[in-house]
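Asker: So the protein sequences, as listed, match chains A and B.
Oh and the first sequence: position 134 is 134 in the numbering used here, straight run, nothing missing.
Oh and the second sequence: position 370 is 370 in the numbering used here, straight run, nothing missing.
Just so you know, the hints here were simulated from the structure itself, not pulled from any lab data.
Beta carbons: idealized from backbone N, C-alpha and C, even for Gly.
Computed footprint of chain B on chain A; a stretch qualifies when at least three of its residues, placed anywhere within it, have a C-beta under 8 Å from a C-beta of chain B:
| no. | stretch |
| --- | --- |
| 1 | 44 to 57 |
| 2 | 118 to 131 |
| 3 | 136 to 144 |
EDC-like mimics (lysine to aspartate or glutamate), calculated; alpha carbons at most 20 Å apart, straight line:
| no. | chain 1 | residue 1 | chain 2 | residue 2 |
| --- | --- | --- | --- | --- |
| 4 | A | 94 | B | 102 |
| 5 | B | 94 | A | 102 |
| 6 | B | 125 | A | 361 |
| 7 | A | 137 | B | 102 |
| 8 | B | 77 | A | 141 |
Here is how the chains run, residue by residue.
2 protein chains.
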Amino acid sequence: MRYSQLFGKTLKSAPAEAESANAKYLIQGGFVDQEMAGVYTWLPLGLRVLRKVEQIVREEMDALGAQEIFMPSLQPKEYWVTTNRWEGVDILFKLNSQTGKEYALGCTHEEVVTPLAQKFTKSYKELPFAVYQINTKFRDELRAKSGVLRGREFRMKDMYSFHTNQEDLTAFYNRALEAYVKAYTRCGLQVKVVQASGGIFTQNVSHEFQALTDAGEDILIACPNCEFGQNSEVATLKVGEACPKCQGTLAQMKGVEVGNIFDLGTKYTDAFDFTFTAEDGTQKRVLMGCYGIGTTRLVGSIVETHHDERGIVWPKSVAPFQVHLVSLRSKDAAVQATIDQTASDVYDGLMRAGIEVVWDDRADLSPGQKFADADLLGMPLRLVVSEKTLAENAVEWKARTSAEARRVPIAEIIEEVGTFVRE
Amino acid sequence: MRYSQLFGKTLKSAPAEAESANAKYLIQGGFVDQEMAGVYTWLPLGLRVLRKVEQIVREEMDALGAQEIFMPSLQPKEYWVTTNRWEGVDILFKLNSQTGKEYALGCTHEEVVTPLAQKFTKSYKELPFAVYQINTKFRDELRAKSGVLRGREFRMKDMYSFHTNQEDLTAFYNRALEAYVKAYTRCGLQVKVVQASGGIFTQNVSHEFQALTDAGEDILIACPNCEFGQNSEVATLKVGEACPKCQGTLAQMKGVEVGNIFDLGTKYTDAFDFTFTAEDGTQKRVLMGCYGIGTTRLVGSIVETHHDERGIVWPKSVAPFQVHLVSLRSKDAAVQATIDQTASDVYDGLMRAGIEVVWDDRADLSPGQKFADADLLGMPLRLVVSEKTLAENAVEWKARTSAEARRVPIAEIIEEVGTFVRE
Chain A
1 MRYSQLFGKT
11 LKSAPAEAES
21 ANAKYLIQGG
31 FVDQEMAGVY
41 TWLPLGLRVL
51 RKVEQIVREE
61 MDALGAQEIF
71 MPSLQPKEYW
81 VTTNRWEGVD
91 ILFKLNSQTG
101 KEYALGCTHE
111 EVVTPLAQKF
121 TKSYKELPFA
131 VYQINTKFRD
141 ELRAKSGVLR
151 GREFRMKDMY
161 SFHTNQEDLT
171 AFYNRALEAY
181 VKAYTRCGLQ
191 VKVVQASGGI
201 FTQNVSHEFQ
211 ALTDAGEDIL
221 IACPNCEFGQ
231 NSEVATLKVG
241 EACPKCQGTL
251 AQMKGVEVGN
261 IFDLGTKYTD
271 AFDFTFTAED
281 GTQKRVLMGC
291 YGIGTTRLVG
301 SIVETHHDER
311 GIVWPKSVAP
321 FQVHLVSLRS
331 KDAAVQATID
341 QTASDVYDGL
351 MRAGIEVVWD
361 DRADLSPGQK
371 FADADLLGMP
381 LRLVVSEKTL
391 AENAVEWKAR
401 TSAEARRVPI
411 AEIIEEVGTF
421 VRE
Chain B
1 MRYSQLFGKT
11 LKSAPAEAES
21 ANAKYLIQGG
31 FVDQEMAGVY
41 TWLPLGLRVL
51 RKVEQIVREE
61 MDALGAQEIF
71 MPSLQPKEYW
81 VTTNRWEGVD
91 ILFKLNSQTG
101 KEYALGCTHE
111 EVVTPLAQKF
121 TKSYKELPFA
131 VYQINTKFRD
141 ELRAKSGVLR
151 GREFRMKDMY
161 SFHTNQEDLT
171 AFYNRALEAY
181 VKAYTRCGLQ
191 VKVVQASGGI
201 FTQNVSHEFQ
211 ALTDAGEDIL
221 IACPNCEFGQ
231 NSEVATLKVG
241 EACPKCQGTL
251 AQMKGVEVGN
261 IFDLGTKYTD
271 AFDFTFTAED
281 GTQKRVLMGC
291 YGIGTTRLVG
301 SIVETHHDER
311 GIVWPKSVAP
321 FQVHLVSLRS
331 KDAAVQATID
341 QTASDVYDGL
351 MRAGIEVVWD
361 DRADLSPGQK
371 FADADLLGMP
381 LRLVVSEKTL
391 AENAVEWKAR
401 TSAEARRVPI
411 AEIIEEVGTF
421 VRE
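Working from the sequences, and respecting the hints, build out all of it.
Answerer: Structure, rendered in structure tokens:
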């Protein structure tokens with residue numbers, strides 16, 4: 001992608017009201033645009049990140065054997081009355097149709113997936129199974145805040161599993177927990193797994209996943225050596241005590257919540273009278289689990305945990321482009337032509353090698369402006385072609401995570417970048 | 001995919017109220033589930049088709065140089081008041097938030113994309129450009145009908161282009177028109193391009209795309225040799241007259257509308273006072289085009305145009321799987337073991353070759369039931385492993401479009417299927 005052609009460029013400054021790192025850098029970098037409080041458009045750069053995050057989550061859900069579906073946001077009022085949540089959930093948007101009917105606008109999908117699963121499940125032979133979707137969710141938040149961390153409209157992966165007995169549900173629940181940790185790790189996040197109460201969803205066991213960051217709102221008592229953590233508000237253990245899982249020494253940490261999983265038991269299958277014919281011919285109640293990751297929130301959390309004072313530092317796995325190529329200006333027209341040709345050759349070579357590259361080909365910006373934009377946008381590798389580098393038949397190479405720049409011969413650049421991207 | 005594991009299997013019969021081929025076969029085949037009138041869940045099989053259709057559309061928009069973004073469904077009332085459509089559009093869902101604010105729920109996105117483009121466009125140097133999204137849309141239809149053809153909630157690709165002058169807009173508009181024809185053709189649809197009035201969008205030039213089908217609601221006067229067509233309601237030409245584009249003889253045809261494109265002129269840029277600084281330093285009004293394809297409607301239209309009395313006949317480009325492998329039962333346990341092993345080998349071989357295959361491995365169904373399901377589901381190629389075919393060291397081969405079956409030696413099957421899939 002030539003940066004000059006990109007829709008949604010960097011802004012000169014962050015919006016004054018941006019109170020969090022993710023809001024500041026995602027908006028200033030042209031990753032997202034705030035339509036109104038808690039509601040964002042994902043611009044081309046941001047959408048590339050969101051897609052990669054969602055693909056990682058999708059792959060981990062597929063690896064669990066879960067099947068992807070796509071459920072409606074418009075949901076019948078009757079279903080929400082059935083589960084006794086039409087009146088109980090204050091963040092539920094309600095719609096009046098000109099047909100005279102009322103609908104809920106999905107903030108979650110138990111009310112859709114439970115009757116759906118019920119239609120296709122008669123016997124123990126059809127159990128267990130899990131389905132998931134990656135879809136937009138709506139929440140009528142009184143106060144939207146923290147950039148894309150808590151929005152009125154956001155993207156979420158929600159999975160639902162169905163089982164004949166508690167042992168089977170627990171086994172899947174534990175596998176899902178491990179899949180979540182794997183997905184976060186692939187996104188560059190270090191998480192602690194915290195046992196939590198279920199809120200509006202359940203009275204049963206549930207866990208939340210906390211990505212460690214100094215900007216986190218939640219205080220944890222957690223183990224530095226394993227994934228164990230407790231929320232300080234309900235912690236039974238103290239700083240300095242031994243981790244019950246690995247005997248490490250518990251410490252205080254800050255985290256931002258990036259997902260929840262719930263053992264729902266029969267909460268929803270009771271409401272819909274969802275039974276199956278067991279092996280002995282009797283009718284039994286189906287057991288259910290649900291598993292959520294906010295994918296837009298995940299992008300925000302990655303920014304919270306991967307930035308410095310100059311901008312974002314994307315992990316390779318979710319960076320919109322791996323390489324940020326910068327060509328500088330020369331006052332000498334002949335040199336300028338050589339710079340342009342060399343940058344164009346490197347750009348084409350990287351593209352042919354299947355490497356994602358954005359080329360800042362703008363003619364009217366100073367080196368300082370271009371470098372500041374490269375730091376703000378946060379691609380893992382910055383390459384610079386200039387009069388100075390050409391004098392050495394080289395390209396300047398600087399990883400976003402490093403303070404040091406070095407020169408790489410032009411003849412070797414494609415291969416070296418290939419190695420960098422894969423390592 | 002083993003069919004026994006698939007969530008969302010075929011139903012014994014089509015729902016009584018299914019009035020159209022797409023509703024009948026998509027529901028009976030387990031591609032979609034109707035949550036309520038005009039609102040569907042896309043089950044794993046249907047989602048595979050929808051994804052392929054959306055990817056084809058995406059590729060054609062990318063080839064135009066348009067950039068993908070993702071805009072919110074929650075839209076500020078102020079923007080709809082600005083364009084004078086808050087009161088005028090009867091299918092617009094309106095939301096009351098507990099914050100006291102009102103939102104529109106997006107049935108289209110001119111009210112979002114115009115101020116968004118305006119934020120990033122100051123000068124003629126930043127024009128022209130085009131952005132698009134593939135997103136869910138909501139319409140408060142009084143009567144939803146025709147399966148996934150006209151829903152209250154549906155998926156759509158909507159593109160918006162921005163220009164400095166009419167010549168540039170017209171040139172892009174014509175390129176978009178050709179990209180649309182290409183996308184439809186890739187989806188297996190034969191379309192006519194019909195000049196139309198703009199409805200609530202515009203008074204300017206617009207075109208609609210009509211996929212030919214006997215089930216179509218619209219009567220066309222169209223050319224059998226080229227893409228020219230007129231809607232019979234406003235036709236200026238008659239059956240038997242010469243096509244103004246290619247001199248072919250116009251005939252009456254039936255079509256279903258699968259997309260629209262609009263030259264919006266300054267309708268929305270006037271409302272938002274969206275100007276740019278021209279080369280001569282003056283402020284001029286930006287011109288705009290919009291271009292829509294309903295992707296779920298497109299899936300429905302493919303079913304309307306590609307089915308017979310037994311079920312769907314998917315074009316290869318959008319089939320959920322290319323191969324439907326069927327293993328039959330034998331009363332002889334040793335033969336049964338050989339059938340299962342052979343089917344498993346063929347299944348694994350096809351998967352290793354990167355060929356999409358669904359294997360009907362169910363043990364408790366008759367050959368007739370399995371063949372009926374294969375016809376209903378409509379994969380391009382059916383392969384059968386049975387006692388009879390094994391006696392010839394062969395697999396039965398039948399294309400969905402052919403009445404004839406033949407035998408292919410097991411040793412050659414992977415390569416032959418590879419050729420079939422690619423041709």
